[in-house]
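Turn these sequences into a full structure, and let the hints steer you where they fit.
Going down the list, the protein sequences come from chains A, B, C and D.
The numbering of the first sequence is full-length UniProt numbering, which starts it at 1 and goes up by one.
The numbering of the second sequence is full-length UniProt numbering, which starts it at 1 and goes up by one.
The numbering of the third sequence is full-length UniProt numbering, which starts it at 1 and goes up by one.
The numbering of the fourth sequence is full-length UniProt numbering, which starts it at 1 and goes up by one.
None of these hints come from the bench; they were simulated from the model.
All of these numbers come straight from a predicted model, not from anything done at the bench.
Hints may be right or wrong, so weigh each one.
Just some of the chain A residues that point at chain B, by a computed CB distance under 10 Å [claimed, not checked]:
no., residue
1, Leu52
2, Ala55
3, Leu60
4, Val69
5, Glu71
6, Val92
7, Glu93
8, Pro97
9, Tyr100
10, Arg128
11, Asp228
12, Thr233
13, Tyr256
14, Arg260
Ranges of calculated distance between the beta carbons of each label pair, as one might list FRET restraints [said to hold, decoys possible]:
no., chain 1, residue 1, chain 2, residue 2, range
15, D, Asp121, C, Pro66, 23 to 33 Å
16, D, Gly119, A, Asn108, 24 to 34 Å
17, C, Trp120, B, Ser88, 52 to 62 Å
18, B, Gly139, A, Leu187, 48 to 58 Å
19, D, Ser140, A, Leu187, 40 to 50 Å
20, C, Pro143, A, Ala202, 51 to 61 Å
21, A, Ala202, B, Ser42, 33 to 43 Å
22, D, Pro188, B, Gly139, 47 to 57 Å
23, D, Ala73, C, Met89, 17 to 27 Å
24, C, Met244, D, Met89, 18 to 28 Å
25, B, Ser42, D, Asp121, 50 to 60 Å
26, C, Thr38, A, Gly119, 41 to 51 Å
27, C, Ala46, D, Glu252, 45 to 55 Å
28, D, Ser140, C, Asp40, 50 to 60 Å
If you want the footprint, here are the derived chain D segments under chain C, 3+ residues with CB under 8 Å [said to hold, decoys possible]:
no., region
29, 160 to 166
30, 233 to 240
31, 249 to 257
All residues carry an ideal CB built from backbone N, CA and C; glycine is no exception.
Number of protein chains: 4
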Amino acid sequence: MRDISSNVRLSVTEPADLVFSVAVAFTNTIESETLTVTLDGSPLDASAIVELTDAHGTRLHRVTAPTGVLEVAYSATVSGSTPLDAESMDHVEYLRPSRYCDSDRLANVAWSHLGPKQGWDLVEGARRWALENIVYAPGSTDPVDGALETYLSREGVCRDSSHLIIAFLRARGIPARLVSAYAPGLLPMDFHAVVEVLMDGAWFVIDGTGLASRPALVRIATGRDAADTAFLTIVSGRADLLTMEVSAITREPLPYDDGRQQVRIG
Amino acid sequence: MRDISSNVRLSVTEPADLVFSVAVAFTNTIESETLTVTLDGSPLDASAIVELTDAHGTRLHRVTAPTGVLEVAYSATVSGSTPLDAESMDHVEYLRPSRYCDSDRLANVAWSHLGPKQGWDLVEGARRWALENIVYAPGSTDPVDGALETYLSREGVCRDSSHLIIAFLRARGIPARLVSAYAPGLLPMDFHAVVEVLMDGAWFVIDGTGLASRPALVRIATGRDAADTAFLTIVSGRADLLTMEVSAITREPLPYDDGRQQVRIG
Amino acid sequence: MRDISSNVRLSVTEPADLVFSVAVAFTNTIESETLTVTLDGSPLDASAIVELTDAHGTRLHRVTAPTGVLEVAYSATVSGSTPLDAESMDHVEYLRPSRYCDSDRLANVAWSHLGPKQGWDLVEGARRWALENIVYAPGSTDPVDGALETYLSREGVCRDSSHLIIAFLRARGIPARLVSAYAPGLLPMDFHAVVEVLMDGAWFVIDGTGLASRPALVRIATGRDAADTAFLTIVSGRADLLTMEVSAITREPLPYDDGRQQVRIG
Amino acid sequence: MRDISSNVRLSVTEPADLVFSVAVAFTNTIESETLTVTLDGSPLDASAIVELTDAHGTRLHRVTAPTGVLEVAYSATVSGSTPLDAESMDHVEYLRPSRYCDSDRLANVAWSHLGPKQGWDLVEGARRWALENIVYAPGSTDPVDGALETYLSREGVCRDSSHLIIAFLRARGIPARLVSAYAPGLLPMDFHAVVEVLMDGAWFVIDGTGLASRPALVRIATGRDAADTAFLTIVSGRADLLTMEVSAITREPLPYDDGRQQVRIG
Chain A
1 MRDISSNVRL SVTEPADLVF SVAVAFTNTI ESETLTVTLD GSPLDASAIV
51 ELTDAHGTRL HRVTAPTGVL EVAYSATVSG STPLDAESMD HVEYLRPSRY
101 CDSDRLANVA WSHLGPKQGW DLVEGARRWA LENIVYAPGS TDPVDGALET
151 YLSREGVCRD SSHLIIAFLR ARGIPARLVS AYAPGLLPMD FHAVVEVLMD
201 GAWFVIDGTG LASRPALVRI ATGRDAADTA FLTIVSGRAD LLTMEVSAIT
251 REPLPYDDGR QQVRIG
Chain B
1 MRDISSNVRL SVTEPADLVF SVAVAFTNTI ESETLTVTLD GSPLDASAIV
51 ELTDAHGTRL HRVTAPTGVL EVAYSATVSG STPLDAESMD HVEYLRPSRY
101 CDSDRLANVA WSHLGPKQGW DLVEGARRWA LENIVYAPGS TDPVDGALET
151 YLSREGVCRD SSHLIIAFLR ARGIPARLVS AYAPGLLPMD FHAVVEVLMD
201 GAWFVIDGTG LASRPALVRI ATGRDAADTA FLTIVSGRAD LLTMEVSAIT
251 REPLPYDDGR QQVRIG
Chain C
1 MRDISSNVRL SVTEPADLVF SVAVAFTNTI ESETLTVTLD GSPLDASAIV
51 ELTDAHGTRL HRVTAPTGVL EVAYSATVSG STPLDAESMD HVEYLRPSRY
101 CDSDRLANVA WSHLGPKQGW DLVEGARRWA LENIVYAPGS TDPVDGALET
151 YLSREGVCRD SSHLIIAFLR ARGIPARLVS AYAPGLLPMD FHAVVEVLMD
201 GAWFVIDGTG LASRPALVRI ATGRDAADTA FLTIVSGRAD LLTMEVSAIT
251 REPLPYDDGR QQVRIG
Chain D
1 MRDISSNVRL SVTEPADLVF SVAVAFTNTI ESETLTVTLD GSPLDASAIV
51 ELTDAHGTRL HRVTAPTGVL EVAYSATVSG STPLDAESMD HVEYLRPSRY
101 CDSDRLANVA WSHLGPKQGW DLVEGARRWA LENIVYAPGS TDPVDGALET
151 YLSREGVCRD SSHLIIAFLR ARGIPARLVS AYAPGLLPMD FHAVVEVLMD
201 GAWFVIDGTG LASRPALVRI ATGRDAADTA FLTIVSGRAD LLTMEVSAIT
251 REPLPYDDGR QQVRIG
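Written as C-alpha cells, this is what we have:
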C-alpha cells in the first residue's frame with residue numbers, strides 16, 4: 001500500500017491551456033484518489049478540467065486556466081499494480097529516435113561505449129555507463145537538452161540519465177522508453193523518471209540514477225521521452241511555477257534494490 | 001480509383017531485421033493488393049514477414065532477411081478512403097516536440113516569422129514561409145537533420161519542408177503531424193510527405209512543396225515525423241538500398257489543387 | 001581620466017595553469033598600474049606570473065598556481081587612448097566564422113532579419129535587432145553557447161548579444177570582432193563586452209546591450225569572440241571562482257551615448 | 001626540390017570578392033613562382049589582385065572578380081623550408097576552442113577516449129583514435145561541420161580528421177592547429193590538411209589520415225582551423241567551383257613515413 005501526493009502551484013499571467021501528468025496510471029489498483037484544482041483559492045469550474053487517456057494507461061488532465069494562482073493538488077492510495085504487456089508495435093515504436101532520445105545521432109557513440117555486448121549485458125552496460133559517467137547535478141540542464149547534450153556535458157538529473165540510457169539502448173537494438181513515477185524513499189523527493197526496456201517479451205524497469213527502490217515505484221506516465229511524460233506542459237498562454245511538492249510513502253518496509261535484479265512495475 | 005505500386009531492392013550484407021512502410025493505410029478502401037517479398041529471386045518464407053498495425057491505421061511489414069538481394073514489391077488499387085477522425089489525445093500528442101520537429105527549439109523563430117497570426121492564417125503563413133524560403137534540393141539533407149537544420153540551411157525535400165512547417169505550427173499551438181503518401185501526378189515520382197493540421201476539430205492536409213494534388217493522395221503512414229513514417233527502417237543488421245521505384249496513377253483526371261483549399265485525405 | 005580595478009578570487013583545488021585577461025590594452029595611455037597576485041594571502045613568486053602580448057595590444061597574464069585561494073587584484077589609471085588602426089588582414093580575418101560567432105550557420109538567418117541593408121544601415125539593423133529581440137538575462141547561458149544558441153533562446157548577457165551581432169555582420173560581409181572592456185557607468189558593474197565593426201577603413205564600437213557609454217570604455221582584450229577575450233581561462237588543473245569585483249570610474253562626467261553615433265575606442 | 005601547382009576555375013555569376021589560399025607560405029625557400037589570374041581567358045587587371053600576409057607566413061590573394069569564368073593558376077618550385085618557431089602566445093592561442101575545433105564541447109569525450117595519457121602518448125593516442133575510428137569518405141561532410149559532427153558521424157576527409165584530433169588535443173591541454181599543404185605522393189591528389197602540435201617547445205606535424213609523407217609536405221596556410229586555411233573563401237558575391245586540379249611532385253624519392261616519427265615542416 002502506497003500513499004502518494006503532489007501539489008503544484010502556478011502563477012498564470014495570461015489565460016493558459018495546461019496539461020498535467022500527475023495522476024497515477026490505470027495500471028495501478030487505485031484504492032482512493034482526489035484531484036483538486038483551485039484558482040486563487042476557489043475551486044475551478046469542473047468543465048475547465050478534462051481527463052485524457054494517453055497510450056499505456058497514462059492519464060492527463062487538461063486545464064483551461066484564467067489568470068491567477070492555480071493550484072493542482074493530487075493524492076492517491078495505491079494497493080497494487082499490473083505490469084503493462086509488451087505489445088507487438090512496442091518492438092518497433094520504442095526503437096525509433098525521439099526528441100530527447102536521439103539514438104540516430106548517438107549510434108556510433110553507443111557502439112564505442114558498449115561494444116558488442118548483447119541482451120541483459122548490454123542493458124547493464126548502459127546503466128553502469130550512466131551511473132559512472134553522469135554527475136547528478138540539479139539545475140545543470142535545460143528543458144531543450146536531450147541525450148546528446150547530456151552525453152557531452154556529463155551532467156543532469158534523472159530525466160537526463162534516463163534519456164541517455166534509452167538512446168544508447170535503442171541505438172543498439174533494444175526497445176526502451178521513459179516512465180515517470182512516484183518513488184517512495186527517493187531523496188530528495190521529486191517526480192522521478194526511470195527507463196523501461198523490452199527484454200524477453202516483457203517490459204522491465206531500470207533506474208539510471210540508482211536513487212529509487214524500483215519495486216516501490218508508482219507509474220504515472222509512459223512514453224518515448226520527457227515530451228510525453230512531463231508533469232506540466234504549457235500548451236498556450238503563460239504560467240510560471242511557484243512551488244511544487246511531491247510525497248510518496250510505502251506502508252510496508254521499502255524493498256531493498258541493488259539496481260540489478262529484473263524488476264517490472266505496474 | 002487509384003493504382004499505386006512500389007518496388008524496393010536492397011542488398012542485405014548481414015542478416016537484417018527490416019521494417020517497411022509501403023502498404024496503404026487501412027483508412028483506404030482497398031480493392032486489391034499484393035505484397036511480394038523475394039530473396040535472390042525466390043519468395044521469402046511467409047513466417048519471415050509480419051504485418052503490424054501502428055496508430056491511425058498505419059500498416060508496417062517487418063521482415064527478417066538473410067543475406068542476399070531482397071526485393072519488396074507492393075501494389076494496390078484503391079477506390080476511396082475515409083478521413084481519420086480527430087481523437088481527443090491528438091490535441092495534446094501532436095503539439096509535443098518530436099525528433100525531427102523540434103518545435104521547442106524553434107519557438108522564438110516561429111514567432112519571428114509568423115507573428116501573431118492565428119488559425120487558418122497561421123497555417124497558410126507557415127506553408128507560404130516554407131514554399132518561399134526552402135529550396136527543393138534532393139541530396140542536400142542528411143537523415144539525422146530535423147527542422148532546425150532545415151531552417152538554417154533553407155534546403156531540403158518534402159520531408160524537410162514538412163518537418164519545418166510542423167515545428168512552426170506546434171510551436172504556435174496548432175497540432176500537426178507527418179503523413180507519407182502515394183501522390184499521383186508527383187514529379188519526380190517518389191514517396192511523398194505532407195503535413196496534417198488539426199483545425200476546427202478535423203485533420204486537414206497541406207503540402208509544403210506544392211508539388212502534389214492533395215485530393216489524389218493515398219495515405220501510407222501517419223506519425224509525429226519521419227521517425228514514424230520512413231518507408232524503410234533498418235532495425236538491425238546491414239542492408240543497402242539498390243533501387244527504388246514508385247508509381248501512382250489516378251484513373252480520373254488529376255484534381256487541380258492551388259494548395260489553399262481545405263482538403264482532407266483518408 | 002578613468003580609474004579602473006578588478007579583483008578575482010579563485011579556489012585552486014588542483015595545481016592550475018591560468019590565463020587572466022584583466023589588464024588594460026597597450027592602446028591605452030596608462031598613468032599608473034598595479035597587479036598583485038597572492039596565494040592564501042601571501043604574494044605569489046614573480047616567476048609564476050608571465051605577461052603575454054596578444055594581437056592588437058591585448059595583454060594576458062599567465063599564472064602557475066599551486067592549490068589554495070588565489071587572488072588577482074588589478075588597478076590602473078588611464079588618461080587616454082589611441083584607436084587601433086585597421087590592418088589589411090583585418091578585412092579578411094574578422095569575416096571568418098569563429099567558435100562563438102558561427103556566421104556560416106547563420107547566413108540565411110542574417111539575410112532574413114537584415115535583408116538587403118548595406119553599410120551603416122546594416123550595422124544599425126543588427127544592433128537594433130539584438131536590442132529588440134535578446135532579453136538581458138544573467139545566468140541564462142552556458143559558456144559553450146554561441147550565436148546560434150542565443151538566436152534560438154533570445155536570452156543572454158553582453159557576451160551573447162555581441163556574438164550574435166558579430167555573426168550577423170560577418171555573414172553579411174562586414175568585418176566584426178569582440179572587445180572586452182571596463183565600462184564606467186555600467187549597471188550592474190561587470191566586465192563588459194562590445195562589438196567592433198570595420199567600416200570606412202576604421203574600427204568603430206557598438207554596444208549590443210545599450211548599457212554602456214562607449215566613449216568612456218577602456219579596452220582590455222580584442223579578438224574573434226569570447227574564446228580570445230574571456231577574463232579567465234583555465235588551461236589545466238582545477239579552479240573555481242569564489243568572488244569577482246569590477247570597478248570603473250570616470251573623473252569627468254560620463255559622456256551621454258544614444259548608441260547610434262560613430263564612436264571609436266582606443 | 002618540389003614542384004607544386006594548382007588550378008582553380010570558378011563561374012562568377014555575381015561580381016565577387018574572393019580570397020585564395022593557394023600560394024606556399026613564406027617559410028618555404030621559393031626558387032620560382034607564378035600566379036596567373038584570368039577572366040574568360042584574359043588576364044585580370046593587376047589592381048584587382050592583392051596579396052595579404054596572414055600570421056605565420058601565410059599568404060592570401062584577394063581577388064575582385066567581375067562575372068565570367070575566373071581561373072587562378074599557381075605554380076612554384078620549392079627547394080627547402082624553415083620550420084616555424086613556437087611563439088609564446090602560441091601556447092595560449094592554440095588551446096582555445098575555434099569554429100571547427102570545438103574542444104570545449106568535446107572535453108569529456110576527449111577524456112573518455114584518451115584517458116590520463118600525457119605528452120607524446122596523448123598525441124599518438126589522438127592520432128590513432130582518428131585513424132581507427134574515422135572512415136575516409138569524400139562527400140560525407142558539410143562545410144559547416146566541425147569536430148563534434150565528425151565525432152558523431154565518424155566519417156570525413158583530411159580536414160575533418162584533423163579538426164577532431166585538434167579538438168581532442170586542445171581539450172587535453174596540448175596546443176594544436178591546422179596546416180594546409182601540398183602533399184607529394186598523396187592519393188587521390190588534392191589540397192591536404194594536417195595537424196601541428198606544440199610539444200617540447202616546437203611545432204611538429206601529424207597526419208590524421210596517414211595518407212601523406214610528412215617530410216615532403218609544402219606548407220600553404222597555418223591557422224586555428226579550416227576557417228583560416230580554406231583554399232577559397234567567397235567574401236561576397238556569388239561564384240561556383242567548376243574545376244580544381246592540384247599537383248605536387250618531389251624530385252627526390254618520396255620519404256617513407258610510418259606516421260609516428262617526430263617530423264617538423266617548414
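Checked hints:
no., hint, in the structure
1, Leu52, "holds (6 Å)"
2, Ala55, "holds (8 Å)"
3, Leu60, "holds (6 Å)"
4, Val69, "violated (23 Å)"
5, Glu71, "violated (22 Å)"
6, Val92, "holds (6 Å)"
7, Glu93, "holds (7 Å)"
8, Pro97, "holds (5 Å)"
9, Tyr100, "holds (8 Å)"
10, Arg128, "violated (23 Å)"
11, Asp228, "holds (7 Å)"
12, Thr233, "holds (8 Å)"
13, Tyr256, "violated (36 Å)"
14, Arg260, "violated (25 Å)"
15, D/Asp121 with C/Pro66: 23 to 33 Å, "holds (26 Å)"
16, D/Gly119 with A/Asn108: 24 to 34 Å, "holds (28 Å)"
17, C/Trp120 with B/Ser88: 52 to 62 Å, "holds (55 Å)"
18, B/Gly139 with A/Leu187: 48 to 58 Å, "holds (53 Å)"
19, D/Ser140 with A/Leu187: 40 to 50 Å, "holds (47 Å)"
20, C/Pro143 with A/Ala202: 51 to 61 Å, "violated (44 Å)"
21, A/Ala202 with B/Ser42: 33 to 43 Å, "holds (36 Å)"
22, D/Pro188 with B/Gly139: 47 to 57 Å, "violated (22 Å)"
23, D/Ala73 with C/Met89: 17 to 27 Å, "holds (24 Å)"
24, C/Met244 with D/Met89: 18 to 28 Å, "holds (25 Å)"
25, B/Ser42 with D/Asp121: 50 to 60 Å, "holds (55 Å)"
26, C/Thr38 with A/Gly119: 41 to 51 Å, "violated (59 Å)"
27, C/Ala46 with D/Glu252: 45 to 55 Å, "holds (50 Å)"
28, D/Ser140 with C/Asp40: 50 to 60 Å, "holds (53 Å)"
29, 160 to 166, "violated (count 0)"
30, 233 to 240, "holds (count 3)"
31, 249 to 257, "violated (count 0)"
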